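With chain A's structure known, arrange chain B on it following the hints.
The primary structure of each chain is shown beneath.
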Amino acid sequence: MILVQKIKYSLYPLFLLGLAYLLFMSNDAKIIIAGIAIFLIGMVFMEDGFKRFSGGFLEALLRKSTDNTFKALLTGFISTSIVQSSSLISIIMISFLGAELITLAGAIGVIIGANLGTTTTAWIIATLGLKIKITQFALPLLIFGVVLRFHSNKSYQGFGDIFLGLGFVFLGISYMKDGFEVLRAGLDLSQFSMSGYFGALVYIFLGVLATVILQSSSATMALIITALATNQIVYINAIELAIGANIGTTITAVLGSLSSNANGKRLALAHFIFNIVTASIAIAFLHPISHLVQLIGVEIGIADDDYTMQLALFHTLFNLIGVLSVAPFTKTLDRFLSQWFASKAKDISRARFLDNEAVALPEIALVALKKELIHLYDNSTEVISHSLSLHRHTFLGMGTDISKVVESSLHVIDLDIDDYYNRKIKILYGDIIQYATIAQENMVEEDKDRVYSFKIACRDIVESIKIAKELQKNINRSLHSKNEHIQGEYNHLREEIAKVLDGIYTLRNSKRDDFDNLANIKLLEDDLEQFSSQRNKRLDNLIRNAYVETSTATSLMNDGAFVYEISKKLLNVSKLLWIEHREIQKLGEE
Amino acid sequence: MKFSKLFQEVESFFENDQQNEDDLKKEELQKALEKKIESIRKEMKDKISDARHLKLKKRLEVLSEFKKKL
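Protein sequence lines correspond, in order, to chains A and B. Numbering of the first sequence is given in the working numbering, commencing with residue 719 and proceeding in unit increments. Numbering of the second sequence is given in the working numbering, commencing with residue 24 and proceeding in unit increments.
Looking at chain A on its own, in the form it has when it is part of the complex:
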């Protein structure tokens, strides 16, 4: 990775110098390169625009439609055809995998489908881009794009970005076309055309090189189609360049994934394997496929000399052949890639679901944050239970009489809470807060509020642990107390928290609806109030009858308040974590 970066950085000044020389020396090249630059910035705007719509249709579609290979392929195809960016779909897939929202096989299916979706770009360029005067659309799109971009509403801004993106893409194509037409007057590039397998390898390599430099197969396709439309390259070489573009896009993805997590690497390699298989088939059967394109072209009304449309058809057809060849093996790929890139052993002190790729996608970031908060909650139940000298497996979800479990659990669990906090809570807490703060930047107000409530819940969990530490000392001492009143009172306190933990455990695993869950939480809160009032009465009785010393009585009062505080905080957290519907959540607010 470091070597790749070093090569990249050392070549960059050379690339800039070469580019400057080319722009200075050739006016024609300047127009074509400007067209590419405008096209690329258009793609960036379009991708940003669709990202602003995260939290809605696109993620919902991608999440729910990947349970079988066919649906995953179709979803990848449709979503990429709409957003015109397979890299955006890749980012979403990697973040979904990070948040464990879909399986690797599902993500591979989507990525393969996305490859077919990118072929719609060639159709758009070959039809809209070349058959009509495209600048007539580009300029109004840019104007509306700018107006909407300055609106305060995020959705309007999203539309603005998409309009700007489309406008720039159209404008870029128009510049490329004009550039090639002007260039043709002075230099006929088609004289460099090559035939045979050697020629094929040269042009495939050029296609790869162009895509690696441009970092976008769509831009390369635009370049190829406009060059073909102006007869600067011959049809067969255009096909070879298109195959090269397909391979080039995966090289870019593989290089990008070197710094990514295991999921990113798995997906990039799946993409690479797909494209290598597809390209190999296309090279091996180049002439039969070209012949097939002509046959289908005649059937669907593409003229014999309409090479740009034939190229678009070839691009679709060879990707379709790739899909049909690789799709049946997605599950095998899943197994192979999961073994090849094994995930690191799960360290409970570190975040499991917070994927950097997802931080810019609000809906996924919210799901990831919620899962991580549940992870933090689970860690906290361990430390809180142990601070009460209780093991979770003895009472959580066991349906046993908790008071009896408490009475029989007299063995002190000597947990160093400070050490536990530093090892298993602090880092995770920090990871969540940092991620939440970064994620908020890309969110609308409503989502920001949700993240804010997640942060509060996080703080509540951590504070509960700190309070449990205060409680632990007196509870441990009470277990060996010879005063049965003291031991009895502390057992009541242990029982109160254990009942809350058990109640939350039961409701989160019950699969009941939100109303039932909230009602259960409310009933637990009522029980808590009742416990509190009974405890105060008992305490009065103990003091009045001098069953305990005054200093012990005040400790009991303080510890009772601690128990109430921990329970209340955990119940508030559970409202946020296990009640999905925002309106119903609000009913539980005091």
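By construction, these hints were calculated from the structure, which means they are not laboratory data. Values in this document were obtained by computation on a predicted structure and should not be read as measured data. Mixed in with the good hints, there may be bad ones.
Facing chain B, a subset of chain A residues (Cβ under 10 Å, in silico) [unchecked claim]: (1) D1231; (2) D1232; (3) D1234; (4) L1236; (5) K1240; (6) D1244; (7) L1246; (8) S1250; (9) E1301; (10) I1302.
Glycine included, every Cβ here is placed at the ideal spot set by N, Cα and C.
This is chain B only, laid out in the frame that chain A set:
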């Protein structure tokens, strides 16, 4: 029509649309809650133990409270 006015029109269209959607969701929630309350009332009329009756009574109180708030 001035451009800013056109924007306001479009914005209020989207906001009204959102408001209608929220109202519909609320109505659905009210119906679901009402159904739940009814089924508890029905169960309370059946022959059940005192402990179960008390449990249902508490649950009914909580859900009725939600209904008032919704």
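A quick look at each hint next to the structure:
no.	hint	in the structure
1	D1231	holds, 8 Å
2	D1232	holds, 9 Å
3	D1234	holds, 8 Å
4	L1236	holds, 7 Å
5	K1240	holds, 5 Å
6	D1244	holds, 7 Å
7	L1246	violated, 14 Å
8	S1250	violated, 17 Å
9	E1301	holds, 6 Å
10	I1302	holds, 7 Å
Figure legend: structure checked against the earlier numbered hints; hints not met, in rising order: 7 and 8.
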